[in-house]
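Asker: First to last, the sequence lines map onto chains A and B.
Residue 104 in our numbering is what sits at position 104 of the first sequence, and the numbering runs on without skipping anything.
Residue 200 in our numbering is what sits at position 200 of the second sequence, and the numbering runs on without skipping anything.
These are calculated hints, taken from the structure and not from any lab test.
A virtual CB, placed ideally from N, CA and C, is assigned to each residue, including glycine.
Worth double-checking, as some hints may not be accurate.
[Unchecked claim] As a list, the in silico DSSO-like pairs of lysine-lysine whose alpha-carbon atoms are at most 27 Å apart:
| hint | chain 1 | residue 1 | chain 2 | residue 2 |
| --- | --- | --- | --- | --- |
| 1 | B | K376 | B | K333 |
| 2 | B | K245 | B | K164 |
| 3 | B | K57 | B | K333 |
| 4 | A | K112 | B | K85 |
| 5 | B | K316 | B | K283 |
| 6 | B | K334 | B | K376 |
| 7 | B | K368 | A | K112 |
| 8 | B | K345 | B | K316 |
| 9 | B | K57 | B | K338 |
| 10 | B | K345 | B | K360 |
| 11 | B | K78 | A | K112 |
| 12 | A | K112 | B | K291 |
[To be verified] From the structure, some residues in chain A lie toward chain B, with a derived Cβ separation under 8 Å:
| hint | residue |
| --- | --- |
| 13 | P119 |
| 14 | L139 |
| 15 | R275 |
[Said to hold, decoys possible] The calculated label-pair distances, taken between Cβ atoms and stated as ranges, are:
| hint | chain 1 | residue 1 | chain 2 | residue 2 | range |
| --- | --- | --- | --- | --- | --- |
| 16 | A | W115 | B | K363 | 18 to 28 Å |
| 17 | A | L6 | B | Q174 | 30 to 40 Å |
| 18 | B | V191 | A | I194 | 51 to 61 Å |
| 19 | B | S130 | A | L6 | 39 to 49 Å |
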Amino acid sequence: MPITLLIVQILNGLQLGVILFLIAAGLTLVFGVMNFVNLAHGVQYMLGAYLAVMFYGLTENFAAALVLALAMALLLGLALEFAVFRHLYDRDHLDQVIATLGVILFVNQGVKFLWGAAPLSLPIPDILSGSVVLMPGLLYPVWRLVVILAGLLVAALLFILVAYTRVGMLVRAGATNAPMVSALGVNIRRLFMIVFGFGTMLAGFAGVMVAPILSVEPGMGDSILILAFVVIVIGGIGSIRGAFLGALLIGLVDTLGRSFSVDLLRLVLDPSAARTVGPALASMLIYLLMALVLFIRPAGLFPAQGR
Amino acid sequence: MLSRAIGVTAAIALVAGSAMAQDKAADKLKIGLITTLSGPPAAIGQQQRNGLALALKELGGKLGGREVELLVQDDELKPDVAVSKVKAFIERDKVDFVVGPVFSNVLAAILKPVTESGTFMISPNAGTSSFAGKDCNPNLFVVSYQNDQNAETMGKYAQDSGLKKVFLMAPNYQAGKDEIAGFKRYYRGEVADEVYVPLNQLDYAAELSKIAAAGPDAIFVFLPGGMGVNFVKQFRQAGLADKVKFLSAFTVDEGTLPAQQDAAVGFLAGGNWAPNMDTPQSKAFVAAYEKEYGAVPATYAFQAYDAVKLLDSALKMTKGDTTNKDALRAALKKADFKSVRGDFKFNTNHYPIQNFYLVKVAKRPDGKYQTEIVQKVFGDFADPYAADCPMK
Numbered sequence: 001m002p003i004t005l006l007i008v009q010i011l012n013g014l015q016l017g018v019i020l021f022l023i024a025a026g027l028t029l030v031f032g033v034m035n036f037v038n039l040a041h042g043v044q045y046m047l048g049a050y051l052a053v054m055f056y057g058l059t060e061n062f063a064a065a066l067v068l069a070l071a072m073a074l075l076l077g078l079a080l081e082f083a084v085f086r087h088l089y090d091r092d093h094l095d096q097v098i099a100t101l102g103v104i105l106f107v108n109q110g111v112k113f114l115w116g117a118a119p120l121s122l123p124i125p126d127i128l129s130g131s132v133v134l135m136p137g138l139l140y141p142v143w144r145l146v147v148i149l150a151g152l153l154v155a156a157l158l159f160i161l162v163a164y165t166r167v168g169m170l171v172r173a174g175a176t177n178a179p180m181v182s183a184l185g186v187n188i189r190r191l192f193m194i195v196f197g198f199g200t201m202l203a204g205f206a207g208v209m210v211a212p213i214l215s216v217e218p219g220m221g222d223s224i225l226i227l228a229f230v231v232i233v234i235g236g237i238g239s240i241r242g243a244f245l246g247a248l249l250i251g252l253v254d255t256l257g258r259s260f261s262v263d264l265l266r267l268v269l270d271p272s273a274a275r276t277v278g279p280a281l282a283s284m285l286i287y288l289l290m291a292l293v294l295f296i297r298p299a300g301l302f303p304a305q306g307r
Numbered sequence: 001m002l003s004r005a006i007g008v009t010a011a012i013a014l015v016a017g018s019a020m021a022q023d024k025a026a027d028k029l030k031i032g033l034i035t036t037l038s039g040p041p042a043a044i045g046q047q048q049r050n051g052l053a054l055a056l057k058e059l060g061g062k063l064g065g066r067e068v069e070l071l072v073q074d075d076e077l078k079p080d081v082a083v084s085k086v087k088a089f090i091e092r093d094k095v096d097f098v099v100g101p102v103f104s105n106v107l108a109a110i111l112k113p114v115t116e117s118g119t120f121m122i123s124p125n126a127g128t129s130s131f132a133g134k135d136c137n138p139n140l141f142v143v144s145y146q147n148d149q150n151a152e153t154m155g156k157y158a159q160d161s162g163l164k165k166v167f168l169m170a171p172n173y174q175a176g177k178d179e180i181a182g183f184k185r186y187y188r189g190e191v192a193d194e195v196y197v198p199l200n201q202l203d204y205a206a207e208l209s210k211i212a213a214a215g216p217d218a219i220f221v222f223l224p225g226g227m228g229v230n231f232v233k234q235f236r237q238a239g240l241a242d243k244v245k246f247l248s249a250f251t252v253d254e255g256t257l258p259a260q261q262d263a264a265v266g267f268l269a270g271g272n273w274a275p276n277m278d279t280p281q282s283k284a285f286v287a288a289y290e291k292e293y294g295a296v297p298a299t300y301a302f303q304a305y306d307a308v309k310l311l312d313s314a315l316k317m318t319k320g321d322t323t324n325k326d327a328l329r330a331a332l333k334k335a336d337f338k339s340v341r342g343d344f345k346f347n348t349n350h351y352p353i354q355n356f357y358l359v360k361v362a363k364r365p366d367g368k369y370q371t372e373i374v375q376k377v378f379g380d381f382a383d384p385y386a387a388d389c390p391m392k
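Isolated chain A, as found in the complex:
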């Protein structure tokens, strides 16, 4: 039994990891390429989920809801970029933090105004609901496998895009030295907009994928954003590869820590003490990991080249 439990928990960790990656990918690019701290990135994740619920209500079709939600998330993201973020690129980080925090408050209230404060839900498409037996005694929900696969697929696509295309090359160059790229005649503003729109859509996609698992509620992006920042700090700012490996690392450490900390502590402590210390330690684990990484490699595990 412990081996199957370990396998299930590793799958759970992967699932959290790919969701974190989808959010962190956009965040790390925006931060890396534009040197722009976007606290409101979590808002895009929330909007993705809400839009999927809304479009599902209108079309009764998950695929259509997914496509419409992504398109709408992209439009809203670009609108925010045009209306607010564009004016902040040249300001210092404190201004950016304050302005994007304002955007969070504004959008959270707006969502509550439009859809109400009560949590909403999105049903899983029938064909993908239920669970499958992966091994004897190992039952796993199909949708979570779908999330893992979709996340890995997007990661692969993103990797190809960044590593082998012209836009990808510009993005990497921008992450390394934006003024130089600009001096070489590349329209850096347009590049920023492409990167931003793409990051927005990835976060929206993460929101749609988790909507059937988690409740869709105002402020749902705020807590995950903190984890996404931990991911990009560990992975190295501006690096897609760092975001991917950092996200999987965080997903696994968090999930395995939560599931096994009490059992492990029981080996050295008495049960009631283990029960008290275990959960506390488990929720600190990723931050301890971040502190350790910052101590050993201040630029993150896989920093973008030239940083």
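Once you've looked at the hints, dock chain B against the given chain A.
Answerer: Same frame as chain A, now just chain B:
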């Protein structure tokens, strides 16, 4: 001479003015509602506000013959914010009663500032163990329950129905530990495991795998609000609902069911009321609430509704007078009103003595979801802390 005349005139004007102000205060009764209206638990606060407003509307906006002015403030589920807002109620607005809040930690913070000023505190939900026991307060009346009682109901049910192995889970904070302790007070069987998760955790994949591996007969969870919405959906998705009995407190109710929907159908909870209760008061209340707000009322709504009926009964007894605190307190203590839940009276600690039921989530013919009473678990049930309360 002139200046003296002006002084006298001013003094007369001042006296007249304050007399007029007092007159105004005498005819309007002020109630301050402090509840959570922002963040994910806002849905609960809205139920509370709606229940209160509905009762006031039915009584024609008058309690004990006096016109009522209702003031509403959002505590944002932050004890410090709640304290500054109730201080404004008391010092600026001079309210006669403070009604609220949803959460126990908020009640713990505001009780002292409210009652020290001589104002009465009516709690339509939060019922902490400390104020039921040795720190009981003569100016606090709890219309809901002592928090542990719903968990105790589930523990008693688990014990009586012969469940052998139960898996327990709650958030890692005081109320979570109280609920688990309440369950274990009546359940004597094997505990498969006792898991505490961080408050407001969203994904329960790791815990669900643990539950599946432990293979219990039942689980008992206390996961209020959004936590419960997520857990219930994921529990169903993991295919556990057919194998493991779902017992809960404050996890499946009319506040969360609109999001949980089919995933929660058949799940069990402990409660002091359910919308299908067969009393004339309950039927009338549910019908009126659904007509007014288009949603099924939860426990939070009916308890706020009851709180207003309690105030009305007491003020009728004192003929609208709120200045004689002792008379008002005695009138409140009598609880001479027809509660939506049927039998109701106050214990010595001003917490209710009432029945507790096993309730089950069901889908109604009209497509809405509600909890329904399955059986009575405790009759005239008092909390165990009342013995430590010095009030007689």
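Asker: All hints, please: hold or fail.
Answerer: Going down the list of hints, with the structure as the test:
1. B:K376 / B:K333: 25 Å, holds
2. B:K245 / B:K164: Status holds; Cα separation ~12 Å.
3. B:K57 / B:K333: Measuring from Cα to Cα gives roughly 24 Å; hence the hint holds.
4. A:K112 / B:K85: 23 Å, holds
5. B:K316 / B:K283: 24 Å, holds
6. B:K334 / B:K376: 25 Å, holds
7. B:K368 / A:K112: 22 Å, holds
8. B:K345 / B:K316: OK: K345 (chain B) and K316 (chain B) at ~18 Å, within 27 Å.
9. B:K57 / B:K338: Roughly 17 Å between the alpha carbons, so the hint for K57 (chain B) and K338 (chain B) holds.
10. B:K345 / B:K360: 25 Å, holds
11. B:K78 / A:K112: Measuring from Cα to Cα gives roughly 19 Å; hence the hint holds.
12. A:K112 / B:K291: 23 Å, holds
13. P119: Cβ of P119 (chain A) sits 4 Å from chain B, so the hint holds.
14. L139: At about 5 Å, which falls below the 8 Å cut-off, the nearest Cβ of chain B leaves the hint on L139 (chain A) intact, so it holds.
15. R275: 6 Å, holds
16. A:W115 / B:K363: 18 to 28 Å: Check passed, 23 Å falls within 18 to 28 Å.
17. A:L6 / B:Q174: 30 to 40 Å: 33 Å, holds
18. B:V191 / A:I194: 51 to 61 Å: Cβ of V191 (chain B) to Cβ of I194 (chain A): about 55 Å, so the range 51 to 61 Å holds.
19. B:S130 / A:L6: 39 to 49 Å: Since the Cβ atoms of S130 (chain B) and L6 (chain A) sit about 42 Å apart, the hinted range of 39 to 49 Å holds.
Checked against the numbered hints listed earlier, the structure breaks none of them; every hint is satisfied.
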